[in-house]
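These protein sequences, in sequence, are chains A and B. Each step along the first sequence adds one to the number in our numbering, with nothing skipped, and position 132 is 132. Each step along the second sequence adds one to the number in our numbering, with nothing skipped, and position 206 is 206.
The set of hints was computed from the structure by calculation and includes no laboratory data. A hint or two may mislead.
FRET-style restraints, in silico, Cβ to Cβ [what the hints assert, rightly or not]:
1. S166/B with Q85/A: 51 to 61 Å
2. A24/B with G99/A: 22 to 32 Å
3. V133/A with E143/B: 56 to 66 Å
4. A74/A with Q262/B: 32 to 42 Å
5. G13/B with G99/A: 27 to 37 Å
6. E122/A with M30/B: 26 to 36 Å
7. L309/B with E122/A: 30 to 40 Å
8. Q113/A with Q98/B: 30 to 40 Å
9. Q129/A with Q39/B: 19 to 29 Å
10. Q262/B with Q113/A: 49 to 59 Å
11. Q39/B with G71/A: 35 to 45 Å
12. A134/B with Q113/A: 53 to 63 Å
13. G71/A with A208/B: 49 to 59 Å
Cβ coordinates follow ideal geometry from the N, Cα and C atoms, glycine included.
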Amino acid sequence: MKKWLSVSSTLLSAISSALMLCSMPVTAREDLRNLNFFPQPISSETVTGPLLAPALDLPIADQEFLDDAEGDMAIAESIAKYTLQASDTENRSGPYDPGLIQTYQTLASLYQQSGDLHKAVEMLNLQLQVIRVTKGLFFN
Amino acid sequence: MFRSLVNTHVEAGDLESAHLYQEALLNLEMRAYGKDSLQFVSSRLEWADWNMNHYLTLSAEETSRTGRKIEDPRVVAAYDNYVAALEIMQNNSRYADQRMITTERKLAALNFIVNRKMHDLSRTPAASTNWQAAVQAQQQKLEQADAAHFFNGSSAFKRAIVYSSSSPQPDYDFIAQRMMELGDWYLLFDRRAAAIDIYSNALEVLTAANIPEKEINRILSPGLPVQTPDLTWQQPAESDQYAGFIDVEFELSRYGVASNPQILSSTEQDTRIEKELIRTIRKCKFRPMIADGTLLDNEKVKLRYYYTL
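From just these sequences and the hints, can you work out the full model?
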């Protein structure tokens, strides 16, 4: 019985080690917590293959920056336009006008694009409120 | 609408709120379609995947905060919904539905994760005055859990093979891939002879179907580490995220065990990372090497391990 127990605990420990450590990618411990390995067979392709992405070409990066800046201005203008539209609708027909559903959706997308996620969630919650009032609690 | 809320909350890093909205979406779709309808299967699978991703994202942080916990409600929800989705598809004879195979693989992966978690937690000393009895009871419990998880997982992989084979025009590449997964499962649970049998069967299927050698090598991936099933939910790293690589060589037995690992070269020559890699290789299981349709023993294998930090 003792021998059986000893064999079974050895087996158990082996299985345990395999299950614990054989994951791929493998997460290392302590200060290498984020270390993950990605194995590949070595072939001529592997040896000559790029290790890291090529450095960004600066002129293109500058152009992207300008494009982004123009994009940001366009988003800000659109946000102002749709905020005004929502405000007009609210003043004219009240806070639960079905027309607000699309306006809030657009505003949420615009805020999301601008990176203001809290405002995006706020718009989506307002939209949800209008949907619940106008179309019922379980409308999907 | 609800999806937008979920995505926005995820993007903002507020997973708890996103989780609530995802659950609300499930409830709405259940009311719309009916809980046992075929249309509701996608919603069930989406909710199950959501729970698993949520669990895998937070579990390390949560475990350190909340301590020991095996029956996580998200894992239970994922398991229940995968099983329910499978039952609905089976009842509707949707055997050609690719989602059945994917879901079976996820069921196996769930068994693997829960089993690993049990082993992980068993390393914490038992808080009992009768220490020896407590250790024995814990070992017995682990053995029973190992057996149950092993059989549940292998059944899932076997069903996936059956679904793949049931098509009027079987895709032998695909069938062999499912067989290799079952072989990997056997190897992970130290059923080495059974693993070799199933690997050989997969090779026979591919050879009989006249699949080109290059394609056979891609499917069998000889000499590469066995992937653990929990990777089902993980995205592979992009090549531009690699911090470096290490080339290694080792001997590989026909049972997938590596020995004498040697570092050949590395980009950073960081001994800590090299030691970690050697330790990893010694503990890993590998798919055996194959030549001319037979499994080879004590073959030299060279691999390049890219790494992210």
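Those earlier numbered hints the structure runs against, lowest number first: Of the numbered hints given earlier, the structure breaks just one, which is hint 4.
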